[in-house]
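S.K.: Each chain, letter by letter, is given below.
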Amino acid sequence: MPRRKKKATAEGEVEANLIPIMNIMLLLIPALLLAMEVASFAAVNVSPPKYAATADQKKEDEKKEEPLNLKVFIMEDGYRISAQGQQVGAEAGKSADSTRPTIPLAKPGAPLDDFERYDYAALEAQAKKFKQQFPNETVVTISAENTIPMQVLVSTMDALRGSECKLLKIAQGEEPPPECYFWQPIVEAGAG
Amino acid sequence: MTPEELFLKKKAAKKAARRNQPEEEGELKMTSLMDIVSIIVVYLLKSYGSDPIVITPTAGQKIPFSRADSPIQDGVPVYISTRDITFGDKKIVQLTSEGDIDPAAVKNHLIGPLFDAMSEEADKAKQMAEARGVEWEGRVIVVGDQKLKFSALVDVLFTAGRAEYREFAFCVIKTS
Numbered sequence: 000m001p002r003r004k005k006k007a008t009a010e011g012e013v014e015a016n017l018i019p020i021m022n023i024m025l026l027l028i029p030a031l032l033l034a035m036e037v038a039s040f041a042a043v044n045v046s047p048p049k050y051a052a053t054a055d056q057k058k059e060d061e062k063k064e065e066p067l068n069l070k071v072f073i074m075e076d077g078y079r080i081s082a083q084g085q086q087v088g089a090e091a092g093k094s095a096d097s098t099r100p101t102i103p104l105a106k107p108g109a110p111l112d113d114f115e116r117y118d119y120a121a122l123e124a125q126a127k128k129f130k131q132q133f134p135n136e137t138v139v140t141i142s143a144e145n146t147i148p149m150q151v152l153v154s155t156m157d158a159l160r161g162s163e164c165k166l167l168k169i170a171q172g173e174e175p176p177p178e179c180y181f182w183q184p185i186v187e188a189g190a191g
Numbered sequence: 000m001t002p003e004e005l006f007l008k009k010k011a012a013k014k015a016a017r018r019n020q021p022e023e024e025g026e027l028k029m030t031s032l033m034d035i036v037s038i039i040v041v042y043l044l045k046s047y048g049s050d051p052i053v054i055t056p057t058a059g060q061k062i063p064f065s066r067a068d069s070p071i072q073d074g075v076p077v078y079i080s081t082r083d084i085t086f087g088d089k090k091i092v093q094l095t096s097e098g099d100i101d102p103a104a105v106k107n108h109l110i111g112p113l114f115d116a117m118s119e120e121a122d123k124a125k126q127m128a129e130a131r132g133v134e135w136e137g138r139v140i141v142v143g144d145q146k147l148k149f150s151a152l153v154d155v156l157f158t159a160g161r162a163e164y165r166e167f168a169f170c171v172i173k174t175s
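Top line first, the protein sequences correspond to chains A and B.
Going by numbering that gives the first Met the number 0, 73 is the number at position 74 of the first sequence; the sequence numbering is gapless.
Going by numbering that gives the first Met the number 0, 152 is the number at position 153 of the second sequence; the sequence numbering is gapless.
What the hints contain is simulated information worked out from the structure, not anything from laboratory work.
All values reported here derive from a predicted model rather than from experimental measurement.
Each hint can be trusted.
Capping the alpha-carbon separation at 30 Å, the derived lysine-lysine pairs in DSSO-like fashion look like this: (1) B:125 / B:89; (2) A:70 / B:173; (3) B:89 / B:45; (4) B:173 / A:127; (5) A:127 / A:165; (6) B:45 / B:173; (7) B:173 / A:168; (8) B:106 / A:70; (9) A:106 / B:146; (10) A:70 / A:127; (11) B:61 / A:165; (12) A:168 / B:61; (13) B:173 / A:106; (14) A:165 / B:173; (15) A:168 / A:128; (16) A:70 / B:146; (17) B:45 / A:168; (18) A:127 / B:146; (19) B:61 / A:106; (20) A:165 / B:45; (21) B:61 / A:70; (22) B:14 / B:28.
Could you put the whole structure together from the sequences, leaning on the hints where they help?
M.R.: Take a look at the structure:
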């Protein structure tokens, strides 16, 4: 069997030509960065919904003697706010007023999907007042009519928390700053 | 010869010498470019990898905006668009054109198919947590739509609660 002759090559070391690859990379990276939709997500922590409270729970609640018991009902015609079982702005001698909201709509007659129809600034001002009276309170119970969209619920939570409130500080173990009002919402169903 | 003339002569001589020189082959320095690319790749990988969960909203879903700044913690996402509820990459329940949950799937605020899927997932997660020797947190991240009705939202929360999930968070898009 004839032996295959070894090729005597005078080839030197071949270097890969990276320039075209780098050209593509340099074009691809800015293109991908521009195409990327940057949206930073955050979380609004809530407590689970409560339905009708049982008799035992009610007794327990009475024993605790919660001083504020702030409740915000989001209705189609505005906010009804009650504290210590008394609706704010209700007629004298009445605990609730079904004819008139505490904070009427900022844009009366606007459709339900117009999320700015509620007066969030007035709600925040009301929350600030309560916070000054009850500085240790952080819990608020929020309920809504069935048709209320989620964006309104989230914006209501924002207003009750305070527009300047940074909860990240609390998560890092710092004391709750004074600009944070009611940042522990409980979602309650069927109460409105 | 004046100094100015001398300077110009020297300059011309230098120019002629430069012209006669053979052109050097320009070489592209790749190291700095490679450095830039490596830094960008590492940065992008880190920014994607640092999120404990990846939120991928379903088509047409608009997530609510909020000023909240709390980071999203590890949990199980439930996607609720105006058309359906998705859990674990599966469309579980359809929503009606009015934005209500299919009445056939709901009984006393409990969404049957969603409860089954969430209970199964909770059991798996509990077993995994037990095997790792850590406590199961049972957190649900509700990725809802801006227009999601309150009634549908509370039904989902109630169902998650019945499936033994204890902590709830609404996923929102952070605004300044």
